[in-house]
Structure formats: C-alpha cells, structure tokens
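Asks: The chain contents come next:
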Amino acid sequence: MPFIYYLDIFGTIVFAITGVLAASEKRLDLFGMIVVGVVTSIGGGTIRDLILGRAPVFWIAEHCYIWIIVITCILTFIVARFYTFPRRALLFSDAIGLGVFTVIGAQVALNLDHPPIIAITMGMMTGVFGGVIRDVLTNEIPVIFQKEIYATAALSGALVFVNLRWFFPDGSAAFSAIVAMLVVMGIRFSAIRWGLQLPVFLLSKRPGEE
Amino acid sequence: MPFIYYLDIFGTIVFAITGVLAASEKRLDLFGMIVVGVVTSIGGGTIRDLILGRAPVFWIAEHCYIWIIVITCILTFIVARFYTFPRRALLFSDAIGLGVFTVIGAQVALNLDHPPIIAITMGMMTGVFGGVIRDVLTNEIPVIFQKEIYATAALSGALVFVNLRWFFPDGSAAFSAIVAMLVVMGIRFSAIRWGLQLPVFLLSKRPGEE
Amino acid sequence: MPFIYYLDIFGTIVFAITGVLAASEKRLDLFGMIVVGVVTSIGGGTIRDLILGRAPVFWIAEHCYIWIIVITCILTFIVARFYTFPRRALLFSDAIGLGVFTVIGAQVALNLDHPPIIAITMGMMTGVFGGVIRDVLTNEIPVIFQKEIYATAALSGALVFVNLRWFFPDGSAAFSAIVAMLVVMGIRFSAIRWGLQLPVFLLSKRPGEE
Numbered sequence: 018m019p020f021i022y023y024l025d026i027f028g029t030i031v032f033a034i035t036g037v038l039a040a041s042e043k044r045l046d047l048f049g050m051i052v053v054g055v056v057t058s059i060g061g062g063t064i065r066d067l068i069l070g071r072a073p074v075f076w077i078a079e080h081c082y083i084w085i086i087v088i089t090c091i092l093t094f095i096v097a098r099f100y101t102f103p104r105r106a107l108l109f110s111d112a113i114g115l116g117v118f119t120v121i122g123a124q125v126a127l128n129l130d131h132p133p134i135i136a137i138t139m140g141m142m143t144g145v146f147g148g149v150i151r152d153v154l155t156n157e158i159p160v161i162f163q164k165e166i167y168a169t170a171a172l173s174g175a176l177v178f179v180n181l182r183w184f185f186p187d188g189s190a191a192f193s194a195i196v197a198m199l200v201v202m203g204i205r206f207s208a209i210r211w212g213l214q215l216p217v218f219l220l221s222k223r224p225g226e227e
Numbered sequence: 018m019p020f021i022y023y024l025d026i027f028g029t030i031v032f033a034i035t036g037v038l039a040a041s042e043k044r045l046d047l048f049g050m051i052v053v054g055v056v057t058s059i060g061g062g063t064i065r066d067l068i069l070g071r072a073p074v075f076w077i078a079e080h081c082y083i084w085i086i087v088i089t090c091i092l093t094f095i096v097a098r099f100y101t102f103p104r105r106a107l108l109f110s111d112a113i114g115l116g117v118f119t120v121i122g123a124q125v126a127l128n129l130d131h132p133p134i135i136a137i138t139m140g141m142m143t144g145v146f147g148g149v150i151r152d153v154l155t156n157e158i159p160v161i162f163q164k165e166i167y168a169t170a171a172l173s174g175a176l177v178f179v180n181l182r183w184f185f186p187d188g189s190a191a192f193s194a195i196v197a198m199l200v201v202m203g204i205r206f207s208a209i210r211w212g213l214q215l216p217v218f219l220l221s222k223r224p225g226e227e
Numbered sequence: 018m019p020f021i022y023y024l025d026i027f028g029t030i031v032f033a034i035t036g037v038l039a040a041s042e043k044r045l046d047l048f049g050m051i052v053v054g055v056v057t058s059i060g061g062g063t064i065r066d067l068i069l070g071r072a073p074v075f076w077i078a079e080h081c082y083i084w085i086i087v088i089t090c091i092l093t094f095i096v097a098r099f100y101t102f103p104r105r106a107l108l109f110s111d112a113i114g115l116g117v118f119t120v121i122g123a124q125v126a127l128n129l130d131h132p133p134i135i136a137i138t139m140g141m142m143t144g145v146f147g148g149v150i151r152d153v154l155t156n157e158i159p160v161i162f163q164k165e166i167y168a169t170a171a172l173s174g175a176l177v178f179v180n181l182r183w184f185f186p187d188g189s190a191a192f193s194a195i196v197a198m199l200v201v202m203g204i205r206f207s208a209i210r211w212g213l214q215l216p217v218f219l220l221s222k223r224p225g226e227e
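Protein chains in written order, with our numbering: chain A, 18 to 227; chain B, 18 to 227; chain C, 18 to 227.
Just so you know, these hints were derived from the structure itself, not from any lab. Please note that a few of the clues may not be correct.
Just so you know, same-sequence chains aren't split out, so a pair can sit in one copy or run between any two.
As the list claims (entries may be wrong) - Within a straight-line C-alpha distance of at most 25 Å, the following computed SDA-like cross-link-like pairs (lysine to any residue) qualify:
| # | residue 1 | residue 2 |
| --- | --- | --- |
| 1 | 43 | 84 |
| 2 | 43 | 96 |
| 3 | 43 | 211 |
| 4 | 43 | 173 |
| 5 | 43 | 207 |
| 6 | 43 | 79 |
| 7 | 43 | 97 |
| 8 | 43 | 103 |
Model the full structure from these sequences, guided by the hints.
Replies: Given below as structure tokens:
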C-alpha cells in the first residue's frame, strides 16, 4: 500500500527531527545526535517488528530509512544554527509522528492477521516507544509521564483506526488512516493547548475527593 | 503444563499491579498507567522470548494476557481510590512476581532443551527485567540497585529450580516450582524485613576493612 | 574466523569489567553487579542479533559467554578489594571494548550480505549500546552524551572497517579489524586526553557565533 509507505517515510522524518531537537539541550555532538535521531525514529517500529516476529526488522531490508534519517538529522543540525525552532516545535512534531506511527503499527499487525486487541496494542507501542526510548536515552522524564494526555491519544487513534478497518474492511485504508491520525493529533493539540488531563491516579486520594 | 500456565497468569496480574502502584506516585493518567502496567507485566517474558528466538512472543499468540493486564490495571485504579494500599504492598507483591517469573523463565528455557546455565540466566532475566523496565520508565533507581538482596533472590530461586528439575527430571515440576518460589520470596521478605544485604562492592575498599 | 572469535571473547571480558566498575559506585551487591556486567557485555551484540533476525542470539548457542562474564565479574569483584583501579580505567577499557565490538558488529552484518550502510549502523549499535544500557541501568547520563567524542569514534571505526572490507575483499580481515580498532581507540584516547569535542548542537546558537 503506497499510501502507508509514504506516511512511514513522513513519520520517520518527523521523529528524527524530534530526536535531534530533544538531543539539542544535552549538548550532544553531531554523531551522538544522529544516534538519538535514528533510535527515536525507528525505535517504535523496531520493537513492533521484534515482538511480531518480523526479523530482520523493516529498516534492514529497506535501508533507505537509515539514509533518510541521517540526512534529516544533518539538515536539522545545520538549519538549527541559522534558525531558532519555536519552543513548541518539539511537542507538535511529536504529535504528528505519534499519529502516523500509531496507524502504521496497527496496520502492520492487521496485515499479519492478528486480532484487534493486538493491533491496538501494536499501534500504541509503535507510536509511543520511539519517544519513550528518546526520553530515556536523554535522561528526561518520558513525555508519556507528563500530565498532557499522551498514551490516551495513541490509544484513541489505534481504536478508531482498527475499528474502521474492522467494520469497513472494503473501505479506504487511507481514509481510515487519516481519520485516526487526525484523532491523535486533535487530542494531543487540544491537550497541549488547554492543558487537558485525564483523572490522575493517586494512592492517597480519598473517595469523593474527585 | 497447566500448573505453569496458571502461575503465569498469577504473576502477570501481580506484576501489573506493581506497575500501577509504581506509576501511582508519578501522576500518570489512566492510560499511561496501563502502558506501565503492561510493560512491567510482560517485559521480562518478552525479552526472554526474543532472546530465545520464540517469535512472535507469548502474548501475541495468547492475547488473553493483554486483556487480563488491562482489566487488572483498571481495577487497581478503581480500588486504589477507595482503599489506600499499605506502603509495603509494592515491595511484597514485587517479591511474589519475582518468584513466579523466575521459575517460568527457567522452565521455558528448559523446555527448549537449553543447558542449565542458560535456564538460570533466563530465569533471572524474566524475573528481574519486568521490574527493571518499570523502574527505568518511571525514572526510578531500579529496585535491583537498592541495598536489599534482589538479583540474588532471583538467582537463588533459579538455581534451586533448575537443579531440582535437572537431578529429579521425573519429579513434580509443580513441587520444584513451589520450592523455588518460596526460596525467592523467603529471601526477599527476609531482606526487606531485616534489611539484609550481601557484601557491597566498593572500589575504594581496602583489604581487611570488611 | 577464529580471529574474530577471540576478539569477541576479549571484548566480552573488557565490557564485563567496565560494567562492574560502573556498578561499583552504586553499591550493588555481588549478584546485582553480575547482572550489570552481563548486560553491559552482551547487550550490544544481543540487540544486533535481534535486529538482524539471528535468533536465538549468539550467547544462547555458545553459552561459554555467560560463564566467562560471570567469572570475570567475580574476579573483578575480588581484585578490586585488594587493588584500587585507577580512575581512568573505566574510560580506557570502555574505549577498547568499543573498538572491538564495533568491528564485530560490522563483520556480522557483512557476513549476512547486508549492504555497507547496514554494516556501519550495526557496528555502531553493537559498540555503543552495551555501554548505553549499562549507563541507563545504573541511572547515569550515558557516556554517549558526555562531551568526549564517543559515537563518532564508533562511526569512524565502522566506516574504516567496512570500507577496507568492501574495497579489499581479498585482504586480511584481521588487518582491517586491527586498523579499525586502532582508529576507535585512537579517537577515544585523544578525546579523553585532550578533551576534544565536535561542534555541539545548540538550538539557541546564533549564526557566526561559532
């Protein structure tokens, strides 16, 4: 499906950029930064492929991914010397990458005839884990633990996509993918814009204290 | 072997709960918390399966695991609003999960005809890595690095189990498993209760300073 | 190729020692320390094998690795009580391990007929990830993020090795490996000695501020 393929390239580029932007505050050198960009970009898909038993993983067979990421990282490195990225660029590009990778992760699992629960889990994992690995490597508290709805956005997108594909198997995969990505981005953008959050889990919370 | 199967379900539930309890102090939202619960619960077994070449990993084929974990996390979330878990609940349930997963990890390796050293290593890894991933994700110093004997408990349990299976191959697997789990839990409970610790490794330690 | 095999054993021992030395400041007990030693030593190669689809991974089939690492860790533990390792021992032995594992990672990928870009990536990953996992587990900022050129050293070594093998396929693999390892160690030693660093990426850097 060429549509998914182009999306994958797009998500790869976006996540590589977020990796570089996240690394920027850690004073990494050029190649350390490329390592973080590569890991952020292919981390989620790599874990998905390993768990589903698709080995060697996707970027070994199609090594254009590595080239695209390395070139993206170097360009970002150069551009950032002449142009100061707005502070929110990291959060917003991360939201786009989250949407794209969630849809792709779910689609890969569906292609292998796994049931919806596995497709939804794989969608979330593909979307969330690239950023989690980036944050663990740069010693940050993962974005997933910040108060803005993050895993929830990925879950919602995966639910929408898998249900659309499940109930309308003859419909357009591209349409389902776009709707699901818009759901993820909409939730993330709203959460960032208005500081939305789900009820937080507190051990010490008493009933009725909502 | 149905006995091992039920144990696995039990360990899965216990580790999901420890994941939720560990996440509770980080103010995760409901679904972020479920992600931590899932990763804690299936992390060790997933790494074991990947390393042993059992792909797709166990919870892809038997997707009841995901359902059980998600339901456990939601129930824990709800119960924790009406009932304050005692502070030590995390440490004690972690010890039970450690015992169960150590035995299962070793058994899986033995089933694949790997030698005892590999079975012992896989037992330790299965037991220890779920909690390590949980602690890394929630940005805590891993329990494994706290002074109470932790990896040692898993190692002891794995040694006991593999030796019992090796020297009494016709004996009851369930009996060996129970003995080994009691060893793990006994060591952990004692270590927590009396603050036991092994000799600590110190670079600056002089001979005779014991 | 027996040469590569002996190198692998050597790198395994060296990285196990760095794992133990890194763990030494965290007051781990004996077996917690062994876990860190094992993970540091086989982490990079394990990730390489998983990604390339070589499962079960190398140390399952040849379980001498586990024995060697465990014995190395225990010996290091004992020796360190009678002899204070010089402060720089960790950095220097890490540089040797980095060189060895970079070469081996690239060679493994070439053996499987992967193209140079994949071999270079696998070389870097095999070299860098053992130390990264060690640093993440001991809750340190990964060496890769410190200012001394680290990923760059691995990249340079991988480039040299893969190019030598590519353009002189009939030449000696041992010679190519030695040259590449010397490149890695030379870069790391120089970087440590003179505090060399690549241009650092800064979002806030203005043009001309070089």
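Asks: Each of the hints needs a verdict: does it hold here or not?
Replies: Hints and how they fare:
In this assembly of identical chains, residue 43 and residue 84 lie within 25 Å of each other by CA distance solely inside one copy; the values are 24 Å within and 38 Å between copies. In this assembly of identical chains, residue 43 and residue 96 lie within 25 Å of each other by CA distance solely inside one copy; the values are 18 Å within and 36 Å between copies. In this assembly of identical chains, the alpha carbons of residue 43 and residue 211 lie at most 25 Å apart only when taken from different copies (21 Å versus 28 Å within one copy). In this assembly of identical chains, the alpha carbons of residue 43 and residue 173 lie at most 25 Å apart only when taken from different copies (22 Å versus 32 Å within one copy).
In this homomeric assembly, residue 43 and residue 207 come within 25 Å of each other (Cα to Cα) only across copies, at 22 Å, whereas the closest approach inside a single copy is 28 Å. Proximity of residue 43 and residue 79 under a CA criterion of 25 Å is satisfied in neither setting, with 31 Å inside one chain copy and 39 Å between copies. In this assembly of identical chains, residue 43 and residue 97 lie within 25 Å of each other by CA distance solely inside one copy; the values are 15 Å within and 33 Å between copies. In this assembly of identical chains, residue 43 and residue 103 lie within 25 Å of each other by CA distance solely inside one copy; the values are 17 Å within and 28 Å between copies.
Hint compliance for this structure: hint 6 alone is broken.
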